[in-house]
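> If you want the building blocks of each chain, they are given just below.
There are 2 protein chains.
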Amino acid sequence: MHKLKVNYTLRGKEIQKDLEVGDGANLFEFLISNGIYVPSTCGGRHICGKCKVEVSTDQKTGKDEERFLTDSEKQMHIRLACFVKVDSDMEVRVPAEKQANILTEGMYALRDVNPRIKKRSLILSKPSLQDQRDDLKRITDEIGDVKVPLNVLKKIPVILENNDHRIKYVTRKGELISVEPFESNKVYGIAVDIGTTTIAAYLEDLRSGEKIDVYSSMNPQRIFGADVITRIDHTIRKAEGLDEIQKVMTEELNKIVDEFCKRNGIDVENVYEIAIAGNTTMIHLAFGIPAKNIANAPFIPAFTSAIEIKANEIGVKINPQGYILSLPSVASYIGADIVADILSSRMYEKDEISLLLDIGTNGEIVLGNKDKLVACSAAAGPAFEGTEITFGTGGVIGAIDHVDLTKHPAYTTIGGEAPSGICGSGIVDAISEMTKFGIIDTTGKMCSKDEINLDGDISQRIIQYKGEPAFLIDDKICITQGDVRQIQLAKGAIYAGIKVLMKKAGINFEDIKKVYIAGGFGNYIDPDAASQIGLIPKSLTDKVIQIGNAAGSGAIMALVSDNELKTAIEIAKRVEYIELSNTDEFQEEFMNGMYF
Amino acid sequence: MHKLKVNYTLRGKEIQKDLEVGDGANLFEFLISNGIYVPSTCGGRHICGKCKVEVSTDQKTGKDEERFLTDSEKQMHIRLACFVKVDSDMEVRVPAEKQANILTEGMYALRDVNPRIKKRSLILSKPSLQDQRDDLKRITDEIGDVKVPLNVLKKIPVILENNDHRIKYVTRKGELISVEPFESNKVYGIAVDIGTTTIAAYLEDLRSGEKIDVYSSMNPQRIFGADVITRIDHTIRKAEGLDEIQKVMTEELNKIVDEFCKRNGIDVENVYEIAIAGNTTMIHLAFGIPAKNIANAPFIPAFTSAIEIKANEIGVKINPQGYILSLPSVASYIGADIVADILSSRMYEKDEISLLLDIGTNGEIVLGNKDKLVACSAAAGPAFEGTEITFGTGGVIGAIDHVDLTKHPAYTTIGGEAPSGICGSGIVDAISEMTKFGIIDTTGKMCSKDEINLDGDISQRIIQYKGEPAFLIDDKICITQGDVRQIQLAKGAIYAGIKVLMKKAGINFEDIKKVYIAGGFGNYIDPDAASQIGLIPKSLTDKVIQIGNAAGSGAIMALVSDNELKTAIEIAKRVEYIELSNTDEFQEEFMNGMYF
Chain A
1111 MHKLKVNYTL RGKEIQKDLE VGDGANLFEF LISNGIYVPS TCGGRHICGK
1161 CKVEVSTDQK TGKDEERFLT DSEKQMHIRL ACFVKVDSDM EVRVPAEKQA
1211 NILTEGMYAL RDVNPRIKKR SLILSKPSLQ DQRDDLKRIT DEIGDVKVPL
1261 NVLKKIPVIL ENNDHRIKYV TRKGELISVE PFESNKVYGI AVDIGTTTIA
1311 AYLEDLRSGE KIDVYSSMNP QRIFGADVIT RIDHTIRKAE GLDEIQKVMT
1361 EELNKIVDEF CKRNGIDVEN VYEIAIAGNT TMIHLAFGIP AKNIANAPFI
1411 PAFTSAIEIK ANEIGVKINP QGYILSLPSV ASYIGADIVA DILSSRMYEK
1461 DEISLLLDIG TNGEIVLGNK DKLVACSAAA GPAFEGTEIT FGTGGVIGAI
1511 DHVDLTKHPA YTTIGGEAPS GICGSGIVDA ISEMTKFGII DTTGKMCSKD
1561 EINLDGDISQ RIIQYKGEPA FLIDDKICIT QGDVRQIQLA KGAIYAGIKV
1611 LMKKAGINFE DIKKVYIAGG FGNYIDPDAA SQIGLIPKSL TDKVIQIGNA
1661 AGSGAIMALV SDNELKTAIE IAKRVEYIEL SNTDEFQEEF MNGMYF
Chain B
1111 MHKLKVNYTL RGKEIQKDLE VGDGANLFEF LISNGIYVPS TCGGRHICGK
1161 CKVEVSTDQK TGKDEERFLT DSEKQMHIRL ACFVKVDSDM EVRVPAEKQA
1211 NILTEGMYAL RDVNPRIKKR SLILSKPSLQ DQRDDLKRIT DEIGDVKVPL
1261 NVLKKIPVIL ENNDHRIKYV TRKGELISVE PFESNKVYGI AVDIGTTTIA
1311 AYLEDLRSGE KIDVYSSMNP QRIFGADVIT RIDHTIRKAE GLDEIQKVMT
1361 EELNKIVDEF CKRNGIDVEN VYEIAIAGNT TMIHLAFGIP AKNIANAPFI
1411 PAFTSAIEIK ANEIGVKINP QGYILSLPSV ASYIGADIVA DILSSRMYEK
1461 DEISLLLDIG TNGEIVLGNK DKLVACSAAA GPAFEGTEIT FGTGGVIGAI
1511 DHVDLTKHPA YTTIGGEAPS GICGSGIVDA ISEMTKFGII DTTGKMCSKD
1561 EINLDGDISQ RIIQYKGEPA FLIDDKICIT QGDVRQIQLA KGAIYAGIKV
1611 LMKKAGINFE DIKKVYIAGG FGNYIDPDAA SQIGLIPKSL TDKVIQIGNA
1661 AGSGAIMALV SDNELKTAIE IAKRVEYIEL SNTDEFQEEF MNGMYF
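Going down the list, the protein sequences come from chains A and B.
Counting from 1111, one number per residue, gives the positions in the first sequence under our numbering.
Counting from 1111, one number per residue, gives the positions in the second sequence under our numbering.
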């Protein structure tokens, strides 16, 4: 074992971590697996040259690495983390990351580039009276038996003739999906994380596994309702509702493809596969499959398996024979997004027990290791997304995202703009501060100005807002007693979910070695504040690793490597889903969990 | 071995055949394999009750057989041939067959009913909070893993809910192609033989293997040209020509489906598969695949393998997830029709060597046995179809179909109507009679009235027609010297083809034990006349077995049994195709073959 001293920046704060690492470990993978974000588009495949870190080592660098480094970088001990093998104690400095508005960055290490899509060259002998093999047989004699869609079969004689029998061909899982001129050599795929509120998409080069571009947008299905239940209601109330809501997603997917192709000068025919992650309802609605029974007990989805269809079956325009596939789900409320989270965290293969949280309207919770994985979904309500909070807002420009009452001003906003509201991470900070200063008691009751002994500035913040106690963050934006109650319900539900899973798995807090927090809200919250309000058990605070948009990372991994998709399918089968509404312990733990 | 004396009727003539048969043989199969047509719609599966023959045996009949027989039939020794096991010498009388205009009848014995389409019942447990399996998993836990098309997946939650979780499901080769209400129990398929000129289609019950209905029509693609070359030309000359010609076939297939459904009170959703045979060009055009290179040397088709697509891909309306498949071909001019011929003749599995002829515009010839199969296509021209003959016509009502100069009148017509022309079998008869009476010499030259010594009636028939010698069949219809030359070219090509194959296989005439003649023209010609003019070598006359629309039979077999389709695929791989334009012997044998 070697000692690693790592300096990095998280949310503008410089952090130093002391870690132990096995001899020979790959530095990139080790940092990622410890929640330290290192810029990369290739996932550690020696291709993008972006994972530059400063390392105290005299290891010799090879030519493959050196072509990414300038002379001055070499002198400054800059290395690509993916090339560094840890062979002694080291100090590592990781440069500060950029912060995005819609979270698209995730942390993942690619183990192989083994896409389902393969594009290869084929030079065929020409037919003669002595060799009258038909066009298809001439091809299959070289490449082996393949399934051939009608439209490819139609194209074969034309492509062979026009290209002097020298072609490129594209296969996918034993199917010949494209024949192309010999010059054609681009192979792209797109990974998409369809969140209820936001969408993140990634353009991947399927030859190198490199991330070429990133796209994010609000989910256009929001016009049919903010949450999954309202959207499902729309499909029930209106005969053509399901079609409507599906078509909007097709339009969005086409917009993503168009954007990527335009920005990067790519021919749409060279995009061959789209892999999507998302919660179970989002996956149903993307394919236009009835989601009705997801909304009502006993909460039965139409399917949870990974499915794949030709993209053109739902009108998505990539290569005419290209595919769109979804990662597998576990249950109505543990979707493909959570399976992708588990995949990218690698918790499913470790000896140590990890807890994974993905907090949105529902808080999905997974607990386990390589032997057992249990999961549940706690209905947290949309408070953490700012929806039922008086001045709540999403993570938009101008949202108060962090609160520290000891500073002046006591808050920061996204983009540094004048405050327009308060988003999830800001609310958690605010309530954390309020508990620290005794403005709310353990039951959540907000004190009046007279009840507490604080310096003038802070006590001036306690006001009445529309007839209830409230606490000013800014001169116009406050947290009301009602807001505190909403947060109590939300964090109580999540805490109770964690406790139920622990009981199910028969483990204590000390058994949990890592806490992965996935998703946008989870990425921006301050773990200390989250544990101060009891959203995360206090004893786990130091074990928190924020893995960013892990659903997007998992979708990328499944796109770029069929082995990773197979692993995702295995994960989905292994996860044991606990229906909280079906357990007695939940109500009890929920009551306990609401206290501060 | 037992002796079998069989009496049957062929083209109105009573025929008696003495055959030897192994102990325990099934009478139905034995008769079929010896070219004796026995009515049947189930192919000998004990289902249709149509293969009634009179048999001199005192064998006891079982209940399964007796329910098809009246008391008087039993007294008259009527048996179903498919129930008779030959265990002694027997006399058999087969009732006279009906004659159709477009040949749809073929002779085949089904060995099993093993369609790709399986429809089964499924009664599922209902979901609860204790059993939250998704709808699809609830199904696959019972029926095993299946591929599920999007539109079936969309239907599953609805069908389960509306039918109290009791359903019928339809699979095909590991794919779940339909989920239906529990009451649904019909399963149909359609076999189609797409000839260049005519189409024959068969509605099959895929549970029993029974033939339910037969349909025939002229090929509507004729509007684009009478023969394959003209139709291919149309696809080359006109950009949208291929689409046009394909659409016409889709319309025709939809008409066939509609007709069958209307006539038999069948729901179109309960037709799940269409199997088609046809020559290589017809198969290409049916699917809309470029056939351009079939027309010019070195004659390369786009594909020869058996292919299958969803019927809706070419707009054919059966069950929305139903399939259309084509039997495999061998080469541009040995198509799926000939593979189907070989399949239904069973020549591919016999020790004895057989010759198979399918004569149309091209004369396709196959020679071989279980060890070797060689095939060629001799360009006979359309003379046998009546097209380049002065008074030639197809096999229509009023066509002279048989000629016998010793009778009065000297001819018969189809339907007994006043003669409107002369069709292929009539032309063969006429030329056979002319050679017998010395009206044409061995070189094909027609004698003048003065050159021969015949009774007045026949010599009066020799006239001049538009400046060339001619022979009157009727007072208006004659065979001209030019017609004789056309027939010489045609039969010379076929004879030469046979000789080339024999040389290739290293065999003599006496090695050939059976001559199967397939197709419409082949079914109606008189074998004696055909051998008199040298179309069939004289020494083989007694070995002729006319197997009717064997292409249709083969398509039915491949539809009803996946094993038969697999056999067809093996046959197509085994057949060695000989390109006659590439052999030196052909020209020489062709010159010899033109003599009478």
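These aren't lab readings, by the way, just hints derived from the structure by calculation.
One should not assume that every hint holds.
Which copy? The list can't say, so a pair holds if one copy fits it or any two copies do.
Unchecked claim - The calculated lysine-lysine pairs, modelled on DSS-like cross-linking and capped at a C-alpha distance of 27 Å, are:
{"#": "1", "residue 1": "K1676", "residue 2": "K1257"}
{"#": "2", "residue 1": "K1648", "residue 2": "K1123"}
{"#": "3", "residue 1": "K1236", "residue 2": "K1402"}
{"#": "4", "residue 1": "K1653", "residue 2": "K1402"}
{"#": "5", "residue 1": "K1160", "residue 2": "K1546"}
{"#": "6", "residue 1": "K1283", "residue 2": "K1648"}
{"#": "7", "residue 1": "K1264", "residue 2": "K1586"}
{"#": "8", "residue 1": "K1115", "residue 2": "K1264"}
{"#": "9", "residue 1": "K1609", "residue 2": "K1357"}
{"#": "10", "residue 1": "K1195", "residue 2": "K1402"}
{"#": "11", "residue 1": "K1482", "residue 2": "K1247"}
{"#": "12", "residue 1": "K1173", "residue 2": "K1236"}
{"#": "13", "residue 1": "K1228", "residue 2": "K1420"}
{"#": "14", "residue 1": "K1576", "residue 2": "K1624"}
{"#": "15", "residue 1": "K1228", "residue 2": "K1609"}
{"#": "16", "residue 1": "K1283", "residue 2": "K1402"}
{"#": "17", "residue 1": "K1123", "residue 2": "K1162"}
{"#": "18", "residue 1": "K1482", "residue 2": "K1264"}
{"#": "19", "residue 1": "K1184", "residue 2": "K1195"}
{"#": "20", "residue 1": "K1613", "residue 2": "K1420"}
{"#": "21", "residue 1": "K1427", "residue 2": "K1257"}
{"#": "22", "residue 1": "K1460", "residue 2": "K1420"}
{"#": "23", "residue 1": "K1236", "residue 2": "K1614"}
> At most 27 Å between CA atoms: does that hold for K1609 and K1357 within a copy, between copies, both, or neither?
This pair counts as neither: shortest intra-copy Cα distance 40 Å, inter-copy 65 Å.
> Checking K1676 and K1257: alpha-carbon separation at most 27 Å within a copy, between copies, both or neither?
Both: 22 Å inside a copy, 16 Å across copies.
> State whether the alpha carbon distance between K1184 and K1195 is at most 27 Å within one copy, between copies, both, or neither.
Classified as within: same-chain Cα gap 17 Å, cross-chain 92 Å, threshold 27 Å.
> Which holds for K1236 with K1614 at a C-alpha limit of 27 Å: within a copy, between copies, both or neither?
between (67 Å within a copy, 26 Å between copies)
> Measure nothing new, just compare the shortest in-copy and cross-copy C-alpha distances for K1264 and K1586 to 27 Å and report within, between, both or neither.
Answer is neither; intra-copy 67 Å and inter-copy 50 Å both fail.
> I want to check one pair: K1648 and K1123. Are their C-alpha atoms no more than 27 Å apart within a copy, between two copies, both, or neither?
within (21 Å within a copy, 102 Å between copies)
> Reference check for the pair K1173 and K1236, CA-CA at most 27 Å: within, between, both, or neither?
Neither: 43 Å inside a copy, 63 Å across copies.
> Quick one: K1160 to K1546, C-alpha cut-off 27 Å, is that within a copy, between copies, both, or neither?
neither (41 Å within a copy, 94 Å between copies)
> Could you figure out if K1195 and K1402 sit no more than 27 Å apart (CA to CA) within one copy, between two copies, both or neither?
neither (52 Å within a copy, 60 Å between copies)
> Please work out whether the CA atoms of K1576 and K1624 approach to 27 Å or closer within one copy, between two copies, in both situations, or in neither?
Neither, since 43 Å and 103 Å both go past 27 Å.
> Check K1228 against K1420 for me: Cα-Cα at most 27 Å, and say if that holds within a copy, between copies, both or neither.
both (16 Å within a copy, 25 Å between copies)
> At 27 Å max between alpha carbons, let me know whether K1236 reaches K1402 within a copy, between copies, both or neither.
The answer is between: 16 Å across copies meets 27 Å, while 56 Å in one copy does not.
This entry does not satisfy hints 4, 5, 6, 7, 8, 9, 10, 12, 14, 15, 16, 18, 20 and 22, going by the numbered hints stated previously.
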